[in-house]
Amino acid sequence: MITINVNGTPQQVEAEEGMPLLWVIRDVLNMTGTKYGCGVGSCGACTVLIDGAATRSCSFPVGLAANKNITTIEGLKSGDTLHKVQQAWIEAQAPQCGFCQSGQIMAAVALLSEKPQPTDADIDAAMTNICRCGAYTQIRAAIHAAAKV
Amino acid sequence: MVSRRLVIFGGVAAAGGLAVGYALMPFSTADRAKRMIAKEGTTPLSAWVRIGTDNSVTVIVPHSEMGQGVHTSMPMMLAEELDADWSLVRMEQAPADMAFANGSLAREYLRGDMSIPSWMSGTAEFGSRKIAEYMNLQITGGSTAVRMTGVRGMRIAGAAARWMLVKAAAAAWGVPESEVVAKQSKLTHASGKQATYGEMAAAAAAYDPPVDPPLKAKKDYTIVGQPIARFDIPGKVDGSAKFGIDTRLPNMSFACVAACPVFGGTLKSVDEKPALAMKGVKKVVKLPAAVAVVADNTWRAKEALAALQPEWNEGANANISQATIFAAKDAALKKGDLTEDHAVGNVDEALKGAKKVVEATYRVPFLAHATMEVMNCTAQFENGKLTIWGGFQDGLGAKARAAKAAGIAIDDVTLHHTSMGGGFGRRGYSLDYIDKAIGVARQVEGPVQVVFTREEDMTQDYYRHASMAKMRAALDDKGKVTAWLHTFTEKHDPPEALRVNYDFANQAARYASGTNPIPWGPWRSVDHTQQGFFIETFMDELAAAAGKDPFEFRRAHLERAPRHKAALELVAQMANWATPPEQGRARGIAIREAFGTIVAQVAEVSVGTDGRAHVHKVWSAVDPGEVINPATFTAQIQGGAIYGLTAALYGEITIDKGRVVQQNFPDYEMVRMAAAPEHEVRFIESGARTGGAGEPGTAPIAAAVGNAIFALTKKRIRELPYAKATLTAGTNAGVANG
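Just so you know, the protein sequences line up as chains A and B, in that order.
To convert, note that position 16 of the first sequence is -1 in the working numbering; the numbers rise steadily by one, no gaps.
To convert, note that position 229 of the second sequence is 232 in the working numbering; the numbers rise steadily by one, no gaps.
The set of hints was computed from the structure by calculation and includes no laboratory data.
A couple of the hints might just be wrong.
Claimed, not checked - Computed spacing ranges between beta-carbons, pair by pair:
1) Thr56(B) <-> Asp34(A): 49 to 57 Å
2) Ala220(B) <-> Val23(A): 52 to 60 Å
3) Asn52(A) <-> Ser243(B): 18 to 26 Å
4) Glu97(A) <-> Lys717(B): 42 to 50 Å
5) Thr327(B) <-> Thr(-8)(A): 51 to 59 Å
6) Asp63(A) <-> Ala309(B): 37 to 45 Å
Stated by the list, open to error - From chain A, some residues computed to sit far from chain B (all C-beta separations above 10 Å):
7) Gly(-9)
8) Gly16
9) Ile33
10) Gly35
11) Ala36
12) Leu47
13) Asn50
14) Asn52
15) Pro99
16) Lys131
17) Val132
In this text the structure is predicted, and so the values were computed from the model without any measurement.
Even glycine gets a Cβ: it sits at the ideal position worked out from N, Cα and C.
Using the sequences and the hints given, assemble the complete structure.
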């Protein structure tokens, strides 16, 4: 048994230490907002925050996550209130198919906590997640809008 | 087709209120359907809109949402004609059922000057279904939803329901119909009488809907043409939207599958022990051409599958490679025994007598779809019946395929639609993932989710075909094209992809078939992805050979295509074509008509110190006839261009020993944020018949970028992807044209 802290709640999970955090979140805890995209840390669909840092959970062994604070897309809201990044995403109508968007939003949250007023170059450098629908224009606009809130 | 007509029917909805539906049916069936409705009273064959007693308006949409906004644009079209209060409008996806097939509408709509893409027809097999003469389609593909279901169905159902409500109010109030005003889901009369649609719905259900209800004039629209927020977006920002891979059911197992890596091969044998010894593994399932491991979570299934060493009968394709495939294409074109697609004038004579002939050969590789959500399907057998969960571009086709794979009647299959993590053609026609899920579910107790790993998804796709084209054209002294001969390998769809809108007096397109030994599937914009590159790159080469500006050269050949000319002129104006860009950059131009929408594009490019082309800005002038939702349409043009840009810059699937070499994103690169250009989109609402949104933006981008590379470097790249060519950083002052 490994204890991990997900969205503020300690969870005891039955998993091998080497099992990627992604699959613990999705298949053991059945929190499906975090997505599998590539399994090799390339596409970013599985991005979660670990102690505030954007992390590709498909390549992060759950054993290393013990006693760390993990935030998933389900944990961004406070009560019924959306996080300002989620709100900006709706206003910019950013998602198309939506599959990559949990990861995009988590990456944007991490970027804004580090750089509250990111430049386009900051966004280029931090937002390396793939959006196959090509919604980059709207994602960029949403990040700039969230920075103004 | 003369024996079909559009039938509208109405009645009391199951929960009270009004339901209105429509169908395109043969005369005989239509009468029967009307009798059925009259008899049963409360059950319209297929309801497309329900007005509840609570005044809610529920629009039933037969298409699948994959981010293109169809679950919002369809209700917009209906609500507009209904004069509904948008805040009361809800969306519901139609079940995968015959009554909600839209193929007949599609065929009716396209009759005459367009044909329905062949990959869209016959995907479902209903055998002896009651109305077997229908094309059994519920497809979301070919950019058809708005063009067909929307224009032919949604608008008419909305207008018919409004007409019935007005009729009911007039009768209830004893006033002429012409004096009843229907607006914002409310009926009013100058006398002060008023009722909501919901209050009048039950009374309205008593009226026969009109066959040909009056439609609103565009100038009176209040919903269509507005950037309305999409229904599906809130669930996509908080993780609550459920995709196929998110299906979770009690007692569910998870399986990963590996098919024979060589196309056409089969499973010879596999030692199951290494997998069965691993934690959480329940079973190893052998399928005719694949092996799967079932476990208690996806990761354990994946790890255990990797521990197996299946032996395959690799079959006839084990020796094919990229080189043999392209050699076969080259030989087929050289042999010259080609099928003529179309011909105008006498191109061979015109080429023979010409003073100046230009020739070029182009190549494009295979491409994978690489949807963000890998292929997956959840299936469960229970008491001889099958239930499947997943994302499908054609719910009916998927249901029919499942029935066939399971060997049961279609009525014994239940299909649950989920959100789709990208479609792009992969989830419409190529339904191998359903077959595999059913093959595994057959041998498992309870529901099982069968998931392709990314590697499996990339190596077991149905690929955009590789192709080769040899183009020849003749120019006269004045720089006009006098002959255009377009020869290439492999024609799929749509037929219009070969069309050039330039006024060439002598032209022909001819092709060779049978040169692609690996599975084919439609890929966003289908043949346009490569024909756009061939045609518009060669057009640029002709402009250069004639010593003309590429914009002016195209324009001079569009005298008989005023809409195309207007789009080309607009994009040149948007991009400030006549003024050179900043130093080290150049612009390229291209124009294509795809799925009824004209897109003229300009791309501005530089070459980096890495020897690669960087696209800074794209401008698109788009004439789709009319725009339903400008926000989603803009996003589709931008996203479509990114999809095409990924292919143009990096996309290449290669074949070695009969198998796909590329495994995952690091070796099948994608345009990401840093490489995504700014993209300005403007629309021309010419009033021409409504065109598609999802695919047209993909068609011209490869040529626009390549033409810009040429303008900058004087190097003409005739093979995609561009990243394979090493370019020299452009140091010349910005150049606007070739």
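Taking the hints in turn, this is what the structure says about them:
no.: 1; hint: Thr56(B) <-> Asp34(A): 49 to 57 Å; in the structure: holds, 53 Å
no.: 2; hint: Ala220(B) <-> Val23(A): 52 to 60 Å; in the structure: holds, 55 Å
no.: 3; hint: Asn52(A) <-> Ser243(B): 18 to 26 Å; in the structure: holds, 22 Å
no.: 4; hint: Glu97(A) <-> Lys717(B): 42 to 50 Å; in the structure: holds, 44 Å
no.: 5; hint: Thr327(B) <-> Thr(-8)(A): 51 to 59 Å; in the structure: holds, 57 Å
no.: 6; hint: Asp63(A) <-> Ala309(B): 37 to 45 Å; in the structure: holds, 43 Å
no.: 7; hint: Gly(-9); in the structure: holds, 16 Å
no.: 8; hint: Gly16; in the structure: violated, 2 Å
no.: 9; hint: Ile33; in the structure: holds, 17 Å
no.: 10; hint: Gly35; in the structure: holds, 18 Å
no.: 11; hint: Ala36; in the structure: holds, 19 Å
no.: 12; hint: Leu47; in the structure: holds, 15 Å
no.: 13; hint: Asn50; in the structure: holds, 21 Å
no.: 14; hint: Asn52; in the structure: holds, 18 Å
no.: 15; hint: Pro99; in the structure: holds, 19 Å
no.: 16; hint: Lys131; in the structure: holds, 18 Å
no.: 17; hint: Val132; in the structure: holds, 15 Å
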